Structure formats: structure tokens, C-alpha cells
Amino acid sequence: MKKLTTVGKISVIVVILFLVSLWLYPMWRIDLKAPQYPGGLSMYIWINDIKGDVDVVNGLNHYIGMKTIHKSDFKEFVYLPLTMMIYMGLGLIVLLMNRKIGYYIWSGIYIIIALFSFYDFYKWEYDYGHNLDPHAPIQVPGMAYQPPLIGYKKMLNFEVLSQPHVAGWFYICAGAILVGVSFFEWKKRTSK
Amino acid sequence: MNRLSLILCTIGIITAAQSCKMKNTESVVGGDAAAKVYVAPGKYDEFYNFVSGGFSGQVSVYGLPSGRLLRVIPVFSVNPENGYGYSEETKAMLNTTNGQIPWDDQHHLELSQTNGEQDGRWLFANANNTPRVARIDLTTFKTAEIIQIPNSAGNHSSPFITENTEYVVAGTRFSVPLGDADVPISSFKQNFHSTASFISVDKTSGHMNVAFQIVLPGMNLDLSHAGKGPSHDWFFFSSYNTEQAYTLLEVNASQKDKDYVVAVNWKKAEEYAKAGKGRKVPAEYAHNTYDEDKQTATSVIEKDVLLLDPKDCPGMVYMIPCPKSPHGCDIDPSGEYIVGSGKLAALIPVFSFKKLMAAIDGKKFEGDFYGIPVVKYEEALHGEVKKPGLGPLHTEFDGKGNAYTSMFLSSEVVKWRLSDLQVLDRVPTFYSVGHLMIPGGDTRKPAGKYLVAYNKITKDRYLPTGPELAQSAQLYDISGDKMQLILDYPTIGEPHYAQSCPAALIKDKQVKFFDLNKNHHEYVAMGEKKTKVVRLGNRVDVYMTAIRSHLTPDNIEGIYVGDEVYFHVTNLEQDWDIPHGFAIKNNPGAELLVMPGETATLKFNPQHQGIYPYYCTDFCSALHQEMSGYMRVSPKGSNVPLKFGTGIIDSAKTASK
Numbered sequence: 001m002k003k004l005t006t007v008g009k010i011s012v013i014v015v016i017l018f019l020v021s022l023w024l025y026p027m028w029r030i031d032l033k034a035p036q037y038p039g040g041l042s043m044y045i046w047i048n049d050i051k052g053d054v055d056v057v058n059g060l061n062h063y064i065g066m067k068t069i070h071k072s073d074f075k076e077f078v079y080l081p082l083t084m085m086i087y088m089g090l091g092l093i094v095l096l097m098n099r100k101i102g103y104y105i106w107s108g109i110y111i112i113i114a115l116f117s118f119y120d121f122y123k124w125e126y127d128y129g130h131n132l133d134p135h136a137p138i139q140v141p142g143m144a145y146q147p148p149l150i151g152y153k154k155m156l157n158f159e160v161l162s163q164p165h166v167a168g169w170f171y172i173c174a175g176a177i178l179v180g181v182s183f184f185e186w187k188k189r190t191s192k
Numbered sequence: 001m002n003r004l005s006l007i008l009c010t011i012g013i014i015t016a017a018q019s020c021k022m023k024n025t026e027s028v029v030g031g032d033a034a035a036k037v038y039v040a041p042g043k044y045d046e047f048y049n050f051v052s053g054g055f056s057g058q059v060s061v062y063g064l065p066s067g068r069l070l071r072v073i074p075v076f077s078v079n080p081e082n083g084y085g086y087s088e089e090t091k092a093m094l095n096t097t098n099g100q101i102p103w104d105d106q107h108h109l110e111l112s113q114t115n116g117e118q119d120g121r122w123l124f125a126n127a128n129n130t131p132r133v134a135r136i137d138l139t140t141f142k143t144a145e146i147i148q149i150p151n152s153a154g155n156h157s158s159p160f161i162t163e164n165t166e167y168v169v170a171g172t173r174f175s176v177p178l179g180d181a182d183v184p185i186s187s188f189k190q191n192f193h194s195t196a197s198f199i200s201v202d203k204t205s206g207h208m209n210v211a212f213q214i215v216l217p218g219m220n221l222d223l224s225h226a227g228k229g230p231s232h233d234w235f236f237f238s239s240y241n242t243e244q245a246y247t248l249l250e251v252n253a254s255q256k257d258k259d260y261v262v263a264v265n266w267k268k269a270e271e272y273a274k275a276g277k278g279r280k281v282p283a284e285y286a287h288n289t290y291d292e293d294k295q296t297a298t299s300v301i302e303k304d305v306l307l308l309d310p311k312d313c314p315g316m317v318y319m320i321p322c323p324k325s326p327h328g329c330d331i332d333p334s335g336e337y338i339v340g341s342g343k344l345a346a347l348i349p350v351f352s353f354k355k356l357m358a359a360i361d362g363k364k365f366e367g368d369f370y371g372i373p374v375v376k377y378e379e380a381l382h383g384e385v386k387k388p389g390l391g392p393l394h395t396e397f398d399g400k401g402n403a404y405t406s407m408f409l410s411s412e413v414v415k416w417r418l419s420d421l422q423v424l425d426r427v428p429t430f431y432s433v434g435h436l437m438i439p440g441g442d443t444r445k446p447a448g449k450y451l452v453a454y455n456k457i458t459k460d461r462y463l464p465t466g467p468e469l470a471q472s473a474q475l476y477d478i479s480g481d482k483m484q485l486i487l488d489y490p491t492i493g494e495p496h497y498a499q500s501c502p503a504a505l506i507k508d509k510q511v512k513f514f515d516l517n518k519n520h521h522e523y524v525a526m527g528e529k530k531t532k533v534v535r536l537g538n539r540v541d542v543y544m545t546a547i548r549s550h551l552t553p554d555n556i557e558g559i560y561v562g563d564e565v566y567f568h569v570t571n572l573e574q575d576w577d578i579p580h581g582f583a584i585k586n587n588p589g590a591e592l593l594v595m596p597g598e599t600a601t602l603k604f605n606p607q608h609q610g611i612y613p614y615y616c617t618d619f620c621s622a623l624h625q626e627m628s629g630y631m632r633v634s635p636k637g638s639n640v641p642l643k644f645g646t647g648i649i650d651s652a653k654t655a656s657k
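If you read the sequences in order, they're chains S and F.
Just so we're aligned, residue 1 is where the first sequence starts under our numbering, counting upward by one.
Just so we're aligned, residue 1 is where the second sequence starts under our numbering, counting upward by one.
Keep in mind that the hints were calculated from the coordinates and are not lab data.
As the structure is a computational prediction, the values presented were derived from the model and not from experiment.
The list that follows gives simulated cross-link-like pairs (lysine-lysine, DSBU-like), each with its CA atoms no further than 30 Å apart: (1) S/Lys67 x F/Lys512; (2) F/Lys189 x F/Lys277; (3) S/Lys71 x F/Lys530; (4) F/Lys507 x F/Lys142; (5) S/Lys71 x F/Lys518; (6) F/Lys532 x S/Lys67; (7) F/Lys585 x F/Lys530; (8) F/Lys43 x S/Lys33; (9) F/Lys512 x S/Lys51; (10) F/Lys509 x S/Lys33; (11) F/Lys294 x S/Lys51; (12) S/Lys51 x F/Lys530.
Isolated chain S (complex conformation):
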């Protein structure tokens, strides 16, 4: 079995350190702006919480019949931290095994977690934006209020901008490192 290069070994540590940021910074931010909110409203999605002007946004939701957001409604806030901790633990095993194959598998799991997370986030946004109270006071035919996964969208009087926050960028960088280093390891497989 082929052993990891030095670059590969270092990258495992870097990726784990990058993932620590998930507990230090929010992953995602959703900024809302409307004429009535000149300073804007911001919601910050953490690995285990949703913070920011959530209460204010909840106060507005009932006009259009959107559900209110509550931390306890997200099972993700329990599973995601657990998943990532296990994932970081697996990284240490990969480092100790010192085998290229371990690294490939570890990177593969990362891609699966990432894709699933985005899918889950999108699904929540879809449900949040489409599943409206039929008795809502304000009903605009054909209008849904699904926030963008990433990027800008105008919804009634609100402009919405959704983008990664610090931990989100670290998460993306970690993914890029894993994919890049996997290719690097693959190329170097014959040299040793």
C-alpha cells in the first residue's frame, strides 16, 4: 500500500484545523434589507444554532404565513456537529494509517457530507418558502419566499443575500484542499 506524502499528512491537520472554525464562527449568513429596515436584518447559521435577528424575522413571517424559525426545530443542529466531530476523528485515523487509500475515502466522505448538507439546507429553504399558512393575511398568487441557497433574490419589499460566513469559507477551502491533495497523491502514487 502506498503511503501519504508529507503534503498529504500536513493537509489532514490543516483540514481538521479548518473544521474547528465551525465552532468558532457561523457557517452561513442571510442578510435581508427592506425600506423599513435601513440597517438590514441578518441571520447567522452556526453548526449548532441560528442566531441574529431571528426574532425580528419571525415577527414578520406571519404576514405571509411563513413558519417561525426555532432552534429546536432543526435536528441538524444535533447531527451535524456530531458528524463533523466523527469526521475529524476519522482524519486522525487516516493520519496514523498513513495510507493513500484512507485519504481518498476520507475525501469522498467529505464530498458526500457536503452535498447532503447543501441538499438538506435547500430542502429546508424550499419548505420554509413554500409551505405557507393558507389563512395568511397577505397572499400573493404564485409567490414563494424561498431564500436563495447562495446569492441575491428580491422577495416583496425584501432583498435577500445569502452567502457563506467565515466557517463556511473554511469549510469550502477544506473541501478544495481535500480534492486537490487527493489528485496530488494520485499523481505521486508511482514516484515512491
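Following the hints, position chain F against chain S.
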């Protein structure tokens, strides 16, 4: 030749007539005035300007240099607009020993200071008619405390403060007998007194207490200011009517050539008070405090006060002769110069603190006034500003060695130099300026950029509005050598003294809403699930909540004619600028404006049966018009059960229709 001289004469006469013409606004306002006062939409003013409301009893807040009215703070007058003085929580704020008084005459303001500089914590306001002093919290712009002053009347020389806000003073303008003695008015000389009250202010909480009152002879204390720096320990009061007239004062109180500036060593007074030199006497006065935690005001009647008699306290009070019924009594930023403005004099005497101290040490007295030593005029005098104008009233300072005095009769502001007392500039005011104000102009650190003149006569300044007109303020740019009139703006009530501070000092510490979790109001409803209606005899308490866009409960039945219904409305919002209003049809009281996180109570005592709609009066959201409810008032003795809720549809009754 004759013809030529005739022409020349004519030209001469016309020219002379032109130069005699009085200055009008066009000749005073410069070309760039508009740019100097323009604050673009969305931009903030540079200064907060707190202006006394005079007979409105309130305090108004303007922005400078735009002159835009930002807010009116209810202080001494009821304010049906937001329920101040009407809500159960605020009724006690206006309590006095004579019950609730809905009005007063608010003259002077002072911002709290630390080391002689504004610290942006509190604003103090006086009530002239029923002697009181109020403290306003500058994080909420709410009146936090009002204390009544015993043994006084015409609380005019108030609420001036010492350099670290150790004391707020209150001085008597209308001398009265101590207590409530029933004496002939003609016994003024024997029985009437003025008092200088020193109200201590707690360093952290701001709580006020009447620490001691200095009992002075019967005369009219007019205005005052504390010393600064070297004169820190002293307080100076101007006085008039040392003639001790009690009738036709305009003649009888203007007879003497000189009245006095009363110099009080408050540090010494404090020591005497501590040393037990005072006399504690019974005195009833109301002390009203607004408790932020319970969101409710309470009124306590205090029982006694400590009097200090100058006879028992040598070295505590001195008199400085000051020409012709002095009005303003202003101390320059260095604390060295004491400017007394004799309102009927044709000069401004400026006293030197150093010389005053030397005169006291050297016992250079010309006699005494009821046992209080009178310092020789010349011994305390720094000099006189000669021919400054007519009717000097008040003086403020720019921190660059200059003083600015308002001239009531000649209707102008005169700029003069403190060191050599030379007049440097004069500008007209429109018309008859009373007080004037420079931001920080009575502190150690004035911001000598603007000056505002608060005029007593408005006449033709604005579009006419019948016989009753708004009052007029005028803004001058004083950053250059020459003063320049740049703005005219109307004000509410009658402005007297004002205060102004840089916006940065208080702008960022404004409370945006009250934290609902810290609401410890006795009748709070912490959420819609906690709403209820409770009957106890004929008292009914409605624990109501307001949130966009409904009131809970919005249907109430089982109320009877003659009940005392208390609506305790809690605004559940936790966001800035989402107040809810609350009003009930035919309620002879006022309405409520409830800030986010706050609870306020409106009492209603229905006298007639029927359906009473109630609703939110503050346009709060797109569904504001829907934010309403119904109360059913049934005849006394009927058996309609108590019922309440929101969103409950009685299908049986609805269907039967």
C-alpha cells in the same frame, strides 16, 4: 452753484437716512448661510439641543444646525399623546403635596457634568411655579425623577449644578415665610425668606435628595451658576428686590443702585451640615421616582429638611454688590470671571474670583445685609464692559476668551473679550433676545461653533397664525471673528435657557427597546398565553398583550357599568421603533403609547352599557387597521359571564344570525 449745493444736500440727507435705517434680516444673513445649516436627508445633526419649554412645562429637543424638532419630552405637564400623567404608571410623577398638578413653567436646563464637562448622563429641569426639579434619563429621554422643593416659591435660579454634579441648586425667586405660616404680606421684612436649596445627586443612580437649604433674607434670587476650577467650591446667585418690596415690584424693587450677587461656599455649607450646625425642621414635599425595573413611578412625601442659617455658619455666604437688579449670573470657563448682568444697567460688571477671595481674606467689607458680609464693589471687580447695549441679560462663553451677552432692549447679541472687556462685535436678534446658548457654553469646555438666541418676541418672523404665535430661535455661526445669523426656527412653548452637547455624547447609548425578560411590571403578561382577565369585586384587571397585528384578548365580555377596568398592555415586540398605541372609545382619560418590551396601564370606568371598541393608535404594520378589539359593558347587576380571548369564534352564535 446753489443748485449744486442743493443736490449735494439732498444726497447727503438720503445717505444719512440710509445709514440710520435699522438693520433687517437681509442685511444680516450672509450668502452661505443655507449651506451651513443644511443637513441632508438621512444625515444627522451635529448637536443635540435641549430647550426648556417655558409655560408648556415640557422639554423640547432640536438638532443643530438644522433646527429640526426631534422630540418633546414630557416632564412637568401631562401628555395625553403618550399617556404621561394619565397612565397608572406615570400618574405619581406629577404628584405634589397638593395632589397631581398637570402643568408647570419650565425655565432652565442643565446637562450633568464630570470635571466641569458634559458627561451626557442626565438632564436636569426646573419647575418655576410649584418648585420642583426633574431629572431626565438621557438613554431613554424619559423623566426619571421629580423632587419638590419645600420653603420656596418661584423656583427660578435652578437647576444649575456643580462641576461633578454633586449638587443641583434651587433658589427662591418669590420669598415666602418658611413652612406655611399665616402672616400679613406687609411683614415681608420680618417673616419672608429666600432659600438656596442644595439637592445632592447620587453618583451612580442619579437619585436626588434635598441635602440642605440655606436660609437667606427676603429677596428675589434670580439666576445662578456654579464656580469652576479655582472657584469650584462656590456657587453664585444673582438677586434683585433687595429693597424687599412686596407690592408694585416694577417700581419698588428698582430703587436701589445695586443689588447683590450672593456667593455661597457650598463646600463649607456641606461641612456645616455634616457638623450638625443645621436645624432639621418638618417640611412636606413630594419625591417621585420612576422605577425602570417595575416600569412604575412611586411618590413619597418626605417629612423634614435641614436648614442652615448664615448666622450660625461664618464664612459660608458673602454678598457682592451688583448694579441694578442683576439677572444672569455666569461664570467663564476658567472659573475666574463672574459676569453679573444688571438688566437695568448700561454696563456689565465682571467680578474676579481671585479679587473676591483677597477681599474676603482682607475683610474689605462695606457693611452687611442681615448679618451677611457685603464685599466692597471695587474690591471684587475685574472691570465693567462699557456701553455693551441695553438690557444685558445672559452671558455664555466660547472657550476662546470671549463672552456673548444677550441684550433684551436693544435686541442684539454682543461679543466681548474677557481679558480687556472690549466689545468686539454685535448682531441684531429678531426680536428681544432672552437667553442665549452656546453648546457647552456654561461648562469648562465650550464648543464655540454655534450660538442660539431664544427670542421673546416673534411678530413677523413666520407666516402669521392669529394672535398666538410660536416663539422664535435664531442660530448664529460664531466660528469666525464676526457672528453670522444663519437660521431662524420656531420653537414650542416659551424657550428660556437651553443646553446643547455634541451628538456623539449620547447618540450611541440610546435604548432601542426594553428587554421583555427584564420587565418586572406587576401586571406584565409575558406572552399571549399569560393574558387573562381577573375580577376582584368591581375591579377588573386585563392582562393584555400587543404584537403585530392583534391585541390579546380582543373580545371581552362580562364587564359591568361602574367597574374599574385596568388595561395592562404589554408590547411584546422586541425590535426598534415598533410601539403600539392603546385607546378605548369614550374613555375620558388619555391613550397609551407602549414601547416594545414595556407594560403600561390605562384605567377605564365605564358609565354606560354598550360595546366599546379599543384599538392600536400607532400605525404599526400593514395590518394595523385590523389591530382592534371589542369590550362588552353590560348593565350593573346583570349576569353576563366573564369571557375573553382572541381568535375564538363562537360558532353557535355566529351561525344563528
